[in-house]
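**Q** Spelled out, the chains give:
Protein chains: 2
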Amino acid sequence: MALHDLDIARRATLRRITDLARERLGINEAQLVPYGHHKAKIALPYLQSLTERPDGQLILVTATSPTPAGEGKTTTSIGLADAMNLLGHKAVLALREPSIGPVFGMKGGAAGGGRAQVGPMEDINLHFTGDFHAIALAHNLLAAMIDNHIHQGNALGIDVRRVFWRRVVDMNDRALRQITVGLGGPGNGYPREAGFDIVAASEVMAIFCLATSLADLKARLGRIVVAETRDRQPVTAADLKAHGAMAVLLKDALAPNLVQTLENNPALLHGGPFGNIAHGCNSLIATRAALKLGDYAITEAGFGADLGAEKFIDIKCRLAGLQPSAAVLVTTVRALKMHGGVPKDALGSENLAALEQGMANLDRHLHNLREGFGLPCVVAINHFVTDTDAEIALLQNRVALRGVPCAVSRHWAEGGAGATDLARAVVALCDQAPPKTPRFSYADADSLWDKLTQLARTVYGAARVTASPEAEARIAQWQAQGWGHLPVCVAKTQYSFSTDPKLLGAPSGHTLHVREARLSAGAGFVVMVCGDIMTMPGLPVHPGAEGMDIDDAGQVTGLY
Amino acid sequence: MALHDLDIARRATLRRITDLARERLGINEAQLVPYGHHKAKIALPYLQSLTERPDGQLILVTATSPTPAGEGKTTTSIGLADAMNLLGHKAVLALREPSIGPVFGMKGGAAGGGRAQVGPMEDINLHFTGDFHAIALAHNLLAAMIDNHIHQGNALGIDVRRVFWRRVVDMNDRALRQITVGLGGPGNGYPREAGFDIVAASEVMAIFCLATSLADLKARLGRIVVAETRDRQPVTAADLKAHGAMAVLLKDALAPNLVQTLENNPALLHGGPFGNIAHGCNSLIATRAALKLGDYAITEAGFGADLGAEKFIDIKCRLAGLQPSAAVLVTTVRALKMHGGVPKDALGSENLAALEQGMANLDRHLHNLREGFGLPCVVAINHFVTDTDAEIALLQNRVALRGVPCAVSRHWAEGGAGATDLARAVVALCDQAPPKTPRFSYADADSLWDKLTQLARTVYGAARVTASPEAEARIAQWQAQGWGHLPVCVAKTQYSFSTDPKLLGAPSGHTLHVREARLSAGAGFVVMVCGDIMTMPGLPVHPGAEGMDIDDAGQVTGLY
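Protein chains in written order, with our numbering: chain W, 1 to 560; chain E, 1 to 560.
Hints are computed from structural coordinates only; laboratory data are not their basis.
In this text, a Cβ means the ideal position worked out from N, Cα and C, and glycines have one as well.
Hints should not be assumed to be uniformly reliable.
Said to hold, decoys possible - The calculated SDA-like cross-link candidates involving lysine to any residue, where the alpha carbons are at most 25 Å apart (straight line), are:
1. Lys251(E) x Val556(W)
2. Lys241(W) x Asp7(E)
3. Lys251(W) x His38(E)
4. Lys251(W) x Asp552(E)
5. Lys436(W) x Arg402(W)
As the list claims (entries may be wrong) - Residues from chain W shown here face chain E by an in silico Cβ test under 10 Å; the list is partial:
6. Phe132
7. Val169
8. Ile179
9. Val181
10. Val248
11. Leu250
12. Thr557
Kindly generate the complete structure, drawing on both the sequences and the hints.
**A** Right under this line is the structure:
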């Protein structure tokens with residue numbers, strides 16, 4: 001019988017984090033800020049002291065376009081790290097930390113799965129070290145200061161119809177998506193339309209994950225554009241004198257969180273921005289820490305490679321000068337069969353023809369990663385029990401024909417021992433050539449519109465880009481106001497290279513339509529919203545919360 | 001020059017909390033859950049293992065009716081604990097933890113002041129160990145589950161016009177006091193009126209502070225009445241199956257927080273409910289822990305003794321069977337002069353006549369504590385630099401004439417050394433007689449209305465009690481529905497024994513008017529709202545946040 005992830009997690013023995021940090025990373029207790037006995041933050045001054053230490057090699061784990069069948073990027077990252085450590089390499093994970101809200105909805109926890117998990121699982125899926133809470137409060141302090149400024153005389157002349165800054169809560173609460181605030185009379189301020197997003201969608205989260213230091217964090221917070229004046233001039237957080245206090249609220253959170261895999265290997269879990277309206281990677285500070293602390297730093301980018309890897313390269317690597325040594329493209333037989341046209345309920349049956357057809361999706365991603373970004377690649381086939389030998393053999397063969405290394409990984413069932421082939425392939429790839437700066441999809445100096453167009457053509461295979469009149473006007477406005485140097489961040493469905501989630505495989509010739517544009521001046525990108533993007537999930541008919549319980553001894557049930 | 005509290009706090013040397021716990025309380029590291037090096041939670045199973053250990057003596061610190069001049073309950077509690085430890089007694093503090101929201105408004109921090117502080121001051125005033133965040137999320141999970149239940153078919157038949165459960169955020173945000181949620185079409189649920197309170201006002205906070213164990217916490221959460229059906233039947237959190245998940249969110253927070261005074265004496269800071277719509281005391285679990293860990297447990301109740309001490313006795317002691325040994329009634333020359341009619345800007349000048357007149361307030365509180373609740377009392381005169389010798393002498397003399405011990409305390413300027421007279425007086429009082437159960441203002445079996453009437457007459461000196469028709473109907477309804485056995489919790493101004501904040505001194509013959517009644521079935525009391533009670537503060541013209549900053553090295557400024 002299959003064990004629940006929580007059961008597997010509970011059977012594992014976690015080491016005291018202070019011991020693990022000392023023995024595995026050479027960090028003594030004084031440089032750690034413990035949160036209980038199995039979680040700790042690594043003090044920022046200590047990390048700064050490592051500046052002169054050479055970096056390890058950076059490995060990006062990305063995936064083919066996700067399907068409901070699941071591709072398993074996080075478990076592959078964890079399995080790969082465990083396998084590399086098993087082979088005697090010093091590998092450190094840098095991953096996103098999960099959001100609490102979805103844990104009570106449908107999604108469940110997000111700390112890996114099977115034997116490829118990080119722990120302590122319950123803590124990581126609940127409050128962890130409070131980073132999301134700190135981000136939420138910093139975000140909401142700015143919101144309160146905006147409405148207070150308007151209420152107290154509105155010296156900056158904020159147009160209450162043009163306040164862009166919403167509020168956040170780490171909860172799936174659809175009733176808060178669109179609200180009216182300031183009702184009840186003059187004592188409660190000016191009524192206006194507003195709304196809440198989930199914390200992962202906060203620009204503060206994106207800033208937190210791109211900040212290079214506390215000083216850079218504060219500067220970015222100050223640049224957030226929260227509203228416009230009646231004559232359409234931007235109003236920033238710095239104009240409201242909010243950024244200093246926001247940085248105060250974030251000072252502890254900014255230190256990265258150290259936990260461990262179930263095989264007692266070090267993992268940094270830090271930050272968790274959305275992969276659509278933001279760049280979907282863990283904090284830059286955690287990535288850099290992993291590079292200093294490990295010979296190999298293994299990190300992950302959200303969604304498929306068209307969104308996750310693209311933003312990792314074009315936004316994060318560009319900003320920070322990161323030079324990834326290799327990309328692991330995770331795929332599954334099941335997911336490729338879906339891309340080949342097989343409906344979800346027929347995925348359990350062998351279908352070589354569909355698999356072959358679905359490989360178009362893999363090919364496009366491989367092409368983008370290798371020829372586009374110039375990254376050495378290995379394909380990781382995340383093995384499922386329903387995969388047949390013939391399917392695996394076909395997939396391996398086809399990847400080999402393309403001259404790309406490929407490994408079957410059984411980390412879910414076997415942990416690191418199931419991912420040693422993959423680990424060897426990754427190490428071999430890293431040994432081939434020194435890392436270099438990846439090729440970006442566009443240059444800083446290109447206009448916002450040109451950036452988008454180049455990205456759409458080269459990465460998505462789109463034939464043309466269109467925009468709503470409002471989005472077009474916004475993009476032109478920001479170009480004129482001096483934000484043209486920023487990268488673009490496309491928010492579109494993760495299920496397809498196109499904006500139509502039903503167009504699986506490798507569609508081309510389609511149109512990318514920008515419905516709305518949003519300026520994230522603090523994070524440092526312009527979001528191009530293509531299609532409907534949900535920034536506040538709802539709870540399902542039977543929320544996961546209904547099945548959760550805790551007994552008198554503190555034992556939790558129903559948290560998966 | 002006077003130092004800011006933060007400067008004084010920074011000059012103090014805090015001990016490692018693990019060392020302090022081991023050496024002073026006999027708690028080893030495995031029984032602690034560290035949060036950094038100077039804060040820790042004490043594991044609940046360890047505290048449960050102390051059941052057979054005899055309790056120390058419980059000392060309640062309360063005060064005369066507060067005035068803008070300040071009475072200094074928290075600093076007196078801290079100074080008293082430091083002084084008792086200085087004299088060789090083992091005293092442990094149990095205090096409320098502060099709310100973050102007000103730190104960014106006007107109020108500033110709440111970790112004592114001068115040389116009578118608890119530390120680490122910045123941590124305590126910011127996120128501390130995340131208790132408030134956990135309470136906020138548990139509260140908001142329930143809110144999301146209510147609206148989701150309605151959206152998904154409303155099987156329980158909740159009347160959307162009669163949803164009592166609001167949302168919370170730990171921020172002063174007046175724009176959220178009254179809002180409309182669920183706008184934007186069918187996908188976002190049913191539009192309805194709603195609002196946010198600050199976290200301290202959450203019933204979850206009150207429950208958290210009255211729970212005797214994790215099991216009791218969960219049971220109380222389940223009893224929360226969140227709404228009514230269209231035929232006016234109560235809908236509870238248990239009906240929504242929310243209480244298990246809420247308890248899961250609170251499981252770590254429920255362990256009390258151990259920190260230290262600047263003189264390195266142990267202090268438990270845990271929970272912080274409002275003193276008006278709730279009972280205003282730290283968690284019962286922390287109070288009980290202090291009784292097990294110290295020979296003397298020093299705790300504090302919010303506002304003046306008419307509100308704080310009354311609720312401490314009639315709600316908390318009644319529930320938990322606590323037997324306080326003594327009460328410390330804190331007062332100041334300045335506050336009594338205000339009660340004697342002196343305006344705030346003239347408090348710096350000697351005024352013996354006004355002081356004598358203002359003593360009426362002190363007398364009424366003394367009477368209530370001694371003759372009413374049957375508590376041995378000592379008056380603590382919290383010394384201010386503007387107090388004249390003649391004023392101090394007069395006040396001491398008048399208190400002595402009443403046969404009540406009295407001590408001048410200079411803890412703000414001198415720390416524990418300035419409070420040794422007070423400490424000796426308290427110890428002497430505790431030595432006189434064994435503690436006994438206090439006299440309650442009313443019996444459990446009295447009706448809700450009779451409880452309120454008795455309380456109003458004996459404690460407030462009111463001549464009569466009236467209620468709005470709606471409040472009257474509500475009280476009658478709850479009496480009929482089986483909540484008549486609960487204590488009442490009066491929400492009224494803290495500035496006067498009456499409901500008129502301008503009636504200083506010791507008014508009598510007034511009318512207590514109940515504007516609104518609220519059922520806190522989970523916490524276990526019925527709130528009688530008399531006058532306007534603000535459950536969501538606003539920010540001032542210049543919020544404290546505007547002056548806060550952090551430098552590149554992480555040094556915070558502007559946090560007082």
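**Q** If a hint holds in the structure, say so; if it doesn't, say that too.
**A** Cross-check of the supplied hints:
1. Lys251(E) x Val556(W): Since the Cα atoms of Lys251(E) and Val556(W) sit roughly 9 Å apart, the hinted pair holds (cutoff 25 Å).
2. Lys241(W) x Asp7(E): holds (23 Å)
3. Lys251(W) x His38(E): holds (17 Å)
4. Lys251(W) x Asp552(E): holds (10 Å)
5. Lys436(W) x Arg402(W): holds (23 Å)
6. Phe132: Since the shortest Cβ distance to chain E is 9 Å, the answer is holds.
7. Val169: holds (6 Å)
8. Ile179: Constraint on Ile179(W) satisfied, holds at 5 Å.
9. Val181: holds (4 Å)
10. Val248: Since chain E brings a Cβ to about 5 Å from Val248(W), closer than 10 Å, the hint holds.
11. Leu250: Holds - the Cβ of Leu250(W) comes within 10 Å of chain E, reaching about 9 Å at its closest.
12. Thr557: Hint on Thr557(W): holds, closest Cβ of chain E at ~8 Å, below 10 Å.
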